[in-house]
Every structure is written in C-alpha cells, then in structure tokens.
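Protein chains: 2
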Amino acid sequence: MKIAIVGVGLIGGSMAISLRKTGYATHLIGVDKNPANAQKALDLNLVDLTMTLEESLTVADIIILSTPVGAMVKLLPFVLDRISDKQVVMDVGSTKEAILAAIENHPNRGSFIGTHPMAGTEYSGPEAAIEGLFDEKCTVFIDVEKSSDYTHQVAKELYQALNMGVVYLDAKEHDTHTAYVSHISHISSFALALTVLAKEQDEKRIFELASGGFRSTVRLANSSPDMWIPIFEQNRDNVLDVLDEHINTLAKFRSLLIKKDFTKFYQLIEEANDIKRILK
Amino acid sequence: MKIAIVGVGLIGGSMAISLRKTGYATHLIGVDKNPANAQKALDLNLVDLTMTLEESLTVADIIILSTPVGAMVKLLPFVLDRISDKQVVMDVGSTKEAILAAIENHPNRGSFIGTHPMAGTEYSGPEAAIEGLFDEKCTVFIDVEKSSDYTHQVAKELYQALNMGVVYLDAKEHDTHTAYVSHISHISSFALALTVLAKEQDEKRIFELASGGFRSTVRLANSSPDMWIPIFEQNRDNVLDVLDEHINTLAKFRSLLIKKDFTKFYQLIEEANDIKRILK
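Residue numbers (the working numbering), protein chains in the order written: chain A, 1429 to 1708; chain B, 1429 to 1708.
Among the clues, some could well be false.
Since the list gives no way to pick one copy over another, a pair counts as held whenever it fits inside one copy or between any two copies.
[To be verified] Cross-link-like lysine to any residue pairs, in silico, SDA-like; alpha carbons within 25 angstroms at most:
#1 Lys1565 <-> Arg1647
#2 Lys1687 <-> Ile1675
#3 Lys1574 <-> Ile1511
#4 Lys1708 <-> Thr1549
#5 Lys1692 <-> Asn1676
#6 Lys1502 <-> Arg1537
#7 Lys1430 <-> Asp1471
#8 Lys1680 <-> Asp1630
#9 Lys1574 <-> Leu1707
#10 Lys1461 <-> Ser1512
#11 Lys1708 <-> Arg1643
#12 Lys1584 <-> Gly1560
Hints were generated in silico from the structure; no laboratory data involved.
With the sequences and hints as input, model every part of the structure.
Written out as structure tokens, the structure is:
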C-alpha cells in the first residue's frame, strides 16, 4: 500500500516505522506543513519521500491524518473533496465529535474512518517517533457504520499490521472515555508540575528529592501545548465534568486531613487500591 | 557489619539485598512484629536469620528501622534505651519532625541518625523487595549535627555501599520538601484512581482505553494505606499546604476552560513544560 502520513510527528512517525517494517506500506509519503519537520522525517528515514498534501492525494492508497486535532477539522473536508472511492482516509486524533461533525454529510464520508490508537509518549515531533509504540496496545474505531465496508476492512488490516486490538465506540462514548482515562491525567500532571515549580521559587533545592514516584505523576507535563490545547478546546465539556469530579475528590481528602479523620482516609486509599485491577 | 532490619518490607528488604551483595553486611537479621512477614523474608533469603527486636539489639552493629512511620515514634525510644555507644541506629522513614521529636533529649541521641533514601515503588512487603532499588539515587541525612561523628561516618559508609548520594537537610525542610515531591503525588494518584473508578459504575468499558499515560499517573494509587496513613498523619500540615495549592492550580485550569481562555491555558502548559529540567 502507498501510504501518506499527514503530520509526521510522534504518532505519524511511529506508525511509519512499523508499517514499513511489517511490509504493509510499500511507499511512505511524508506530508507536513512545516518544511523542516518534513525534511527531518526524511532524514530520519521515517518516510521515503515528501510531497505537498495535494500531490500526495493523487498517489496514496491510504491517507492518515496525524496532525493536532484543531487542524484536522479543516483538513478533513479538503481531503475528502479530492479523493476517489479507491482511497481510504483515516485520522488518529484524540477527540472525535468535532472532527466527525465536520464531514457528517460529506458525499465521500464512507471513504473515511475515525480511529484512535491508544498509545503515545510525552514527546512530540518526528524525532520522538519510536519503533513498537503501538505493539499489543488497542485502537478505537469510531462510528464505523458510517464507513464503507472497504474502508473498514483496510483500517482493520492496517491496525493488524501494527499488532493492535480494536475497540468499537461511538464518538460521544469515545470523547467521554478519553476525558477520564487520558485528558484528566494530562491536566493533573500539568497542575502538579506548576504547583511544585511555584514552590521552587522559595525553596531552590526542592527537586533534589524528586524520585520515581514524582517523575511518574508529572512526566505528562512535558506534553506539547500545540497538541493538547486543541484537544481541550474540542473536548471541553467532558474535560470540565471530569475535572470537577477530580477536584471534588481532592477536596474530600482535604476535608479529611483538616478533620484528622484518618479512618475514613484509610478506607478511601483501600478503595483507590482497586485500581490494581486495571494496572495489571 | 551485623545489621538488624526492623520491618522487612519493600525498603528494608531491598536494603538487605544490596547490603549483602556488596559485602557490607556480614550478618543480616530480620525483625518483624508480623511472624509471617519475618518467615517470608527468611524464605526469600533477604535475611540470614530472624530474631525478636530485643534479641537483635544484643548482637547488631547497625539497627535500621524500616517500619511504617507511626510505629517508629514508639520503637525508637525503646531501641535507644537498650543500645551501647558502639551501636548505630537509623530510620528510613518518609517523615522526620515527629520521629526526631520523640527522641530529642534522649541520652543516646548521638547514636541515631535520621535518613531517607529517596526510592520506592507502589508495592509493599518482603516480596516487593528488589535488587538495585537504591542504585544511583539520593538519600537524605537529617539534623546530622545531633548525631555523633561515628554514627554519621557509619551512615555514610552504609549508603556508599548502596551507591547513593547524600543530601543534608533539617527535619522541617525535609518534611516540606517531601510533601511537595512525594506525598502530593500519592494523593493526586489516589484521587485520580477514585475519580475514574467512580465513573466505571456507569461506564463499564471506561478502562478499555487506559494506556501508558493513565497508568503513569495512577500507579501510585496501588500504595498501601498502612504505610501512607501514618505519613499523612505526621506530615498533615505540610500536606494540607501543598494540597491547597494543587487544588487552586486545578481550579485555575477549570476557570480557563469555563471562560474558553485557551491563550492563557496554552501559556500555563508552556510553564509546566519547564518540568523537563527536573525530569532529565
């Protein structure tokens, strides 16, 4: 398959590495509105050649949109306007309702499938691409009944080549679930980082004691605002819901500390320990 | 050196493994008020033999207290009452003001040194002990001017055997710093776990999408309440301060979402990205 990767960063670049390795991609075309990024992707051998978006649409069998989600809303109608029914378009974005709304009634809607491979790191750009990022993880296919059978089949084969399992959700479910298991983790990390960085103003040596536990909870605070602000814009309502609930839970801990109710605090930690079911 | 480990769990057990391997410990004595734990430590070959606390104090050159910090406040005066000036006692607890206050005017205060090796995992008990846990990490020596030169020297040699660097702090600094770079990370993880577990009541499939980022921010929620409740009891005031600041930071994000002020939100993420200095 000739595959165009539109936005050759962490996700697009890591897909390129694996799709080349498994032989699923015969030609990898890099498209990036930032010429330096495109050149870097070429230098790193992530892609075989670079093209403009328009050029890539005349040759690619599969077009994967892996830009920040704000750009996708504009790119997607532009791409669907220009493809034949032998081409398949998919996105890999972290939000879905806004993206799918942008092409809801497009005549080529069937050639598109919304997907979300649940994998990533806190780094971004072509140099962040790594081999095996998706291996044995799961991807989501969204509102799949609006895609043609051919489109669905191609997406299944592509993610099989990446060695990923598939979960089927509708756009609303997807955006709620990701707010809970991904977006709030990022807000929590950004906030923790800011809290401790603020304290560093007075206590210069505060980070001398930072060890694995701290690193684990703040590593996502390295994540790029260019990627995350459009996610928070598009998924604002769900993120607000979960953020309210999270602040309430923290306020409960605060109240128990104030009242020195360590019996109830103990019980809440025992309840939280149930997370081991998920972390296994 | 004959070393008694009082409380053979994750930390005590992991110290035993490394102190045996480097040859610093010639005899390792396991002491645990829970006989099953002591037996497990023996079965796992963490220690050479088990004894009662009283017995161990008649033979050990170094006594390491690695129990939950609530027990230490009671154990420490009992131990100092029974040792000679050729013995050295140290604790490895996560809080220091309450522990040091308990022996402030003890005639054998010089034989004691408060230490805190900054390493751990979310697991506990003898079976959680692992080799190399402390390697190239740092330990804190607290209020070292109240320890004799001999005690200080022995502690330096022991942590050198564990391949750890030493940071010197007073008890108040230590307890403030750990509230910011360790204790709040645990509260944040417990709260995130509870928030998403509560949502699971309505959305059974919510965890299907949980990937590396979520795992990273909630893994500490596996931590034992038996270890953490005494830490929150003893360090309540500092933990309340940082929890208030953390809730305020989250409330700022909430307010920006409500107002759709994504320009300011972008700036805050850029500020949070400065955490990369620490995570390197």
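Hint check:
With identical chains, the CA atoms of Lys1565 and Arg1647 are at most 25 angstroms apart both within one copy (20 angstroms) and between copies (18 angstroms). Proximity of Lys1687 to Ile1675 under the C-alpha cut-off of 25 angstroms is found in both arrangements, the shortest distances being 18 angstroms within a copy and 18 angstroms between copies. Taking identical chains as interchangeable, the C-alpha atoms of Lys1574 and Ile1511 lie at most 25 angstroms apart only when both belong to the same chain, with a minimum of 17 angstroms there against 77 angstroms between chains. In this assembly of identical chains, the alpha carbons of Lys1708 and Thr1549 lie at most 25 angstroms apart whether taken from the same copy (20 angstroms) or from different copies (15 angstroms).
Taking identical chains as interchangeable, the C-alpha atoms of Lys1692 and Asn1676 lie at most 25 angstroms apart whether they share a chain (16 angstroms) or sit on different chains (24 angstroms). Taking the shortest alpha-carbon separations for Lys1502 and Arg1537, only the intra-copy value of 15 angstroms comes in at or below 25 angstroms, while the best inter-copy value is 70 angstroms. For a Cα distance limit of 25 angstroms, the shortest separation of Lys1430 from Asp1471 inside one copy, 19 angstroms, qualifies, whereas the shortest one across copies, 59 angstroms, does not. Proximity of Lys1680 and Asp1630 under a CA criterion of 25 angstroms is satisfied inter-copy only: 21 angstroms between copies versus 28 angstroms inside one chain copy.
When the C-alpha separation of Lys1574 and Leu1707 is checked against a cutoff of 25 angstroms, the pair qualifies neither within a copy, at 33 angstroms, nor between copies, at 44 angstroms. In the homo-oligomer, the alpha carbons of Lys1461 and Ser1512 lie at most 25 angstroms apart inside one protomer (23 angstroms), although the nearest pairing across protomers, at 74 angstroms, exceeds that limit. In this homomeric assembly, Lys1708 and Arg1643 come within 25 angstroms of each other (Cα to Cα) both inside a single copy, at 20 angstroms, and across copies, at 10 angstroms. For the homomeric pair Lys1584 and Gly1560, the shortest alpha-carbon distance inside one copy (18 angstroms) is at most 25 angstroms, but the shortest distance between copies (43 angstroms) is not.
Of the numbered hints stated above, the single one contradicted by the structure is hint 9.
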